[in-house]
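**Q** What follows is each chain in one-letter form.
2 protein chains.
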Amino acid sequence: MAATSWENSVKSLKGVILDMCGVLYDAGEDGGTPIPGSVEAVKRLKASDLQVRFCTNETQATREVFVAKLQRMGFDICVSEVFSPAPAAVAVLKERGLRPHLLVYDGVVPEFDSVEKANPNCVVIGDAAEKFSYQNLNDAFRVLIGLEKPVLFSLGRGKYYKEDEGLNLDVGVYMKALEYACDVEAEVIGKPDPMFFQKVLDDMGIQSQQTLMIGDDLVNDVGGAQHCGMKGVQVRTGKYRPSDEKHPKITGDGHVGAKMAEAVETILKL
Amino acid sequence: MAATSWENSVKSLKGVILDMCGVLYDAGEDGGTPIPGSVEAVKRLKASDLQVRFCTNETQATREVFVAKLQRMGFDICVSEVFSPAPAAVAVLKERGLRPHLLVYDGVVPEFDSVEKANPNCVVIGDAAEKFSYQNLNDAFRVLIGLEKPVLFSLGRGKYYKEDEGLNLDVGVYMKALEYACDVEAEVIGKPDPMFFQKVLDDMGIQSQQTLMIGDDLVNDVGGAQHCGMKGVQVRTGKYRPSDEKHPKITGDGHVGAKMAEAVETILKL
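Just so you know, the protein sequences line up as chains A and B, in that order.
With UniProt numbering, letter number 64 in the first sequence gets 64, and the count goes up by one each step, no holes.
With UniProt numbering, letter number 220 in the second sequence gets 220, and the count goes up by one each step, no holes.
Wrong hints could be hidden among the right ones.
Mimicking DSS-like on lysine-lysine, the simulated pairs with C-alpha atoms at most 25 Å apart in a straight line are [stated by the list, open to error]: (1) A/Lys-43 / A/Lys-11; (2) B/Lys-149 / A/Lys-246; (3) B/Lys-69 / B/Lys-162; (4) B/Lys-131 / B/Lys-117; (5) A/Lys-162 / B/Lys-149; (6) A/Lys-69 / A/Lys-131; (7) A/Lys-149 / B/Lys-149; (8) B/Lys-69 / B/Lys-46; (9) A/Lys-246 / A/Lys-259; (10) B/Lys-162 / A/Lys-131; (11) B/Lys-162 / B/Lys-246; (12) A/Lys-162 / B/Lys-131; (13) A/Lys-149 / A/Lys-46; (14) A/Lys-149 / B/Lys-246; (15) B/Lys-199 / B/Lys-46; (16) B/Lys-131 / B/Lys-162; (17) B/Lys-149 / B/Lys-117; (18) B/Lys-131 / A/Lys-131; (19) A/Lys-149 / A/Lys-162; (20) A/Lys-149 / A/Lys-117; (21) A/Lys-259 / A/Lys-11.
With the C-beta cut set under 7 Å, the calculated list includes, among others, these residues of chain B facing chain A [stated by the list, open to error]: (22) Arg-53; (23) Phe-112; (24) Glu-130; (25) Tyr-134; (26) Asn-138; (27) Lys-159; (28) Leu-270.
Hints listed in this document are in silico derivations from the structure and should not be mistaken for laboratory results.
Cβ atoms here follow ideal geometry from the backbone N, Cα and C, with glycine treated the same way.
Excised from the complex, chain A in its bound form (with noise of 0.2 Å):
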């Protein structure tokens, strides 16, 4: 894309989604650090006439918990702003009257309390981190396999993510696990869906093509957002690798940044 052609398209932008993790903060063992810039910038971009909304694919908490965990950080964000897979997967159950088993953290549990899940007939499977053991996997294999046609759920597709100890498997990886044991093809819930999107879009009330994702994912966040429509810029923050700037998805107007605090100067400047 041409310099002014991403500038008149940047021009007519009516809406911001921002990434969390790697984004806004760098997680670890503490709860996380805020990356240098990016309270200020998320505070600038709400003062702007640009809608602001979070779209995560984080599975370990329940949003109420990760709200509280960033707002003590001291990012301005409500939960009712926060977009992430669990809820989005709750009301799928419910529409399809499906019972699941779960594999996810423990803290996400809470999210699924209204939900029956007596004998499931469905397996939901999210970021379970060292609950990914191998009896728990086998389990949730058992249950699939023990179905007549065996229908798993991913809380996103993620393969890794950043910590402050280095790189850690995310849920795809065991997604991909799950497809190979049982034949089945996992329906994702979260990034890069274009469903989960959309149902941020419908919440600000705005066309794909007036909105910009800024995240550290080349695939979730970046391709997820241009294959609906929108503007995706790759941040150099969180698991941002050098490699990925030669994937044809980012070169251009990929990058208008280092940290998101710099994306966000960028495009209020224009």
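Since the structure of chain A is already known, use the hints to place chain B on it.
**A** Just chain B now, kept in the frame of chain A:
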């Protein structure tokens, strides 16, 4: 294949390759129990003009320990007749000067005693069972993702196997997980890799079309053997599931007996 064609090809047989778990015995916490008739059938095969070899993707113990277990069950079997992935992997590692990070069951580690393992430049995974913890899989992932060109060996590509208490996930599932995480394709050592079967044929000094493989796994035993030009038949024990019979590979002459003993009976009669 018409009955006469099948009979003719069985008459030209010079060797039989037997899968072990699910064919000779059923695995279990107590080490397993022989499948009725199989001890006697091995004896009868060995007393015939046919050559006999054993070919397993077992990677939870050294061949020595594994064979001793089978001997205690009453099988006439010795280490030199058994082909398993770990010794084949050791040969490949040495040939290519590779230093493995091992994610394997403790029992099979001694097979790798002669291999340099410091500063790893590849990952080898086997059927690690409960050692497939999140932490251990993440450690293997970090080794792979840190290599300029990740090299992953998988000792087999099985999806699951049967033990007393039900189906258990096998190494192939974790192979798919790491393949997805690192954008690599694993090199499979073991069934159904044609190179692996060829070593068994070389040892017998016969051609593939003179050889019959008896197994319980549709893909690794029957499909793998047929892909190499051998005859492959599936028994109805072990991980066999009725839906396997719908598969084109095993319609027609795919089953010559519900148990290995009956298959051997049929072959020796012709």
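**Q** Next, verify each hint and record whether it holds.
**A** Structure-based check of each hint:
1. Distance check on the hinted pair: A/Lys-43 and A/Lys-11 sit about 20 Å apart at the alpha-carbon level, within 25 Å; holds.
2. With a CA separation close to 17 Å, the supplied pair B/Lys-149 and A/Lys-246 stays within the 25 Å bound.
3. For the suggested pair B/Lys-69 and B/Lys-162, the alpha carbons sit about 18 Å apart, so the restraint of at most 25 Å is met.
4. A threshold of 25 Å between alpha carbons decides the hint, and for B/Lys-131 with B/Lys-117 the separation of about 19 Å falls inside it, so the pair holds.
5. Taking the CA atoms of A/Lys-162 and B/Lys-149, the gap is about 20 Å. The hint holds against a cut of 25 Å.
6. Taking the CA atoms of A/Lys-69 and A/Lys-131, the gap is about 22 Å. The hint holds against a cut of 25 Å.
7. For a cut-off of 25 Å, the pair hint linking A/Lys-149 to B/Lys-149 is broken: about 38 Å separates their Cα positions.
8. A threshold of 25 Å between alpha carbons decides the hint, and for B/Lys-69 with B/Lys-46 the separation of about 19 Å falls inside it, so the pair holds.
9. For the suggested pair A/Lys-246 and A/Lys-259, the alpha carbons sit about 19 Å apart, so the restraint of at most 25 Å is met.
10. Of the pairs offered as hints, the one joining B/Lys-162 and A/Lys-131 holds, with about 23 Å between alpha carbons and a cut-off of 25 Å not exceeded.
11. Between the alpha carbons of B/Lys-162 and B/Lys-246 the distance comes to roughly 20 Å, so the proposed pair stays at or under 25 Å and holds.
12. For the hint pairing A/Lys-162 with B/Lys-131, the CA-to-CA distance comes to about 23 Å; that is within 25 Å, so the pair holds.
13. Taken as a hint, the A/Lys-149 and A/Lys-46 pair is broken in the structure, with Cα atoms around 46 Å apart against an allowance of 25 Å.
14. Using a Cα cut-off of 25 Å, the hinted pair A/Lys-149 and B/Lys-246 holds, with the two alpha carbons roughly 17 Å apart.
15. Of the pairs offered as hints, the one joining B/Lys-199 and B/Lys-46 holds, with about 20 Å between alpha carbons and a cut-off of 25 Å not exceeded.
16. The straight-line distance between the Cα atoms of B/Lys-131 and B/Lys-162 is roughly 18 Å, inside the 25 Å bound, and the hint therefore holds.
17. Pair hint B/Lys-149 plus B/Lys-117 holds up; C-alpha atoms about 18 Å apart against a cutoff of 25 Å.
18. For the proposed pair B/Lys-131 and A/Lys-131, the alpha carbon gap of about 13 Å is at most 25 Å, so the pair holds.
19. A hinted pair counts as satisfied when its Cα atoms are at most 25 Å apart, and A/Lys-149 with A/Lys-162 does not qualify at roughly 35 Å.
20. This hinted pair checks out: A/Lys-149 and A/Lys-117 have alpha carbons roughly 18 Å apart, not beyond 25 Å.
21. Only pairs whose Cα atoms come within 25 Å are accepted, and A/Lys-259 paired with A/Lys-11 is accepted, the gap being roughly 20 Å.
22. Look at B/Arg-53: its Cβ only gets to about 29 Å from chain A, farther than 7 Å, so that hint breaks.
23. A hinted interface residue such as B/Phe-112 counts as satisfied when its beta carbon comes closer than 7 Å to some beta carbon of chain A; here the least separation is about 21 Å, so the hint is violated.
24. This hint holds: B/Glu-130 has a C-beta 5 Å from the nearest C-beta of chain A, less than the 7 Å allowed.
25. The interface hint given for B/Tyr-134 is met, as the beta carbon of that residue sits about 4 Å from the closest beta carbon of chain A, less than 7 Å.
26. Satisfaction of the interface hint for B/Asn-138 is found here, the shortest Cβ-Cβ separation to chain A being roughly 5 Å, below the 7 Å cut-off.
27. Hint status for B/Lys-159: holds, given a least beta-carbon distance of 5 Å to chain A, under 7 Å.
28. Hint status for B/Leu-270: violated, given a least beta-carbon distance of 35 Å to chain A, over 7 Å.
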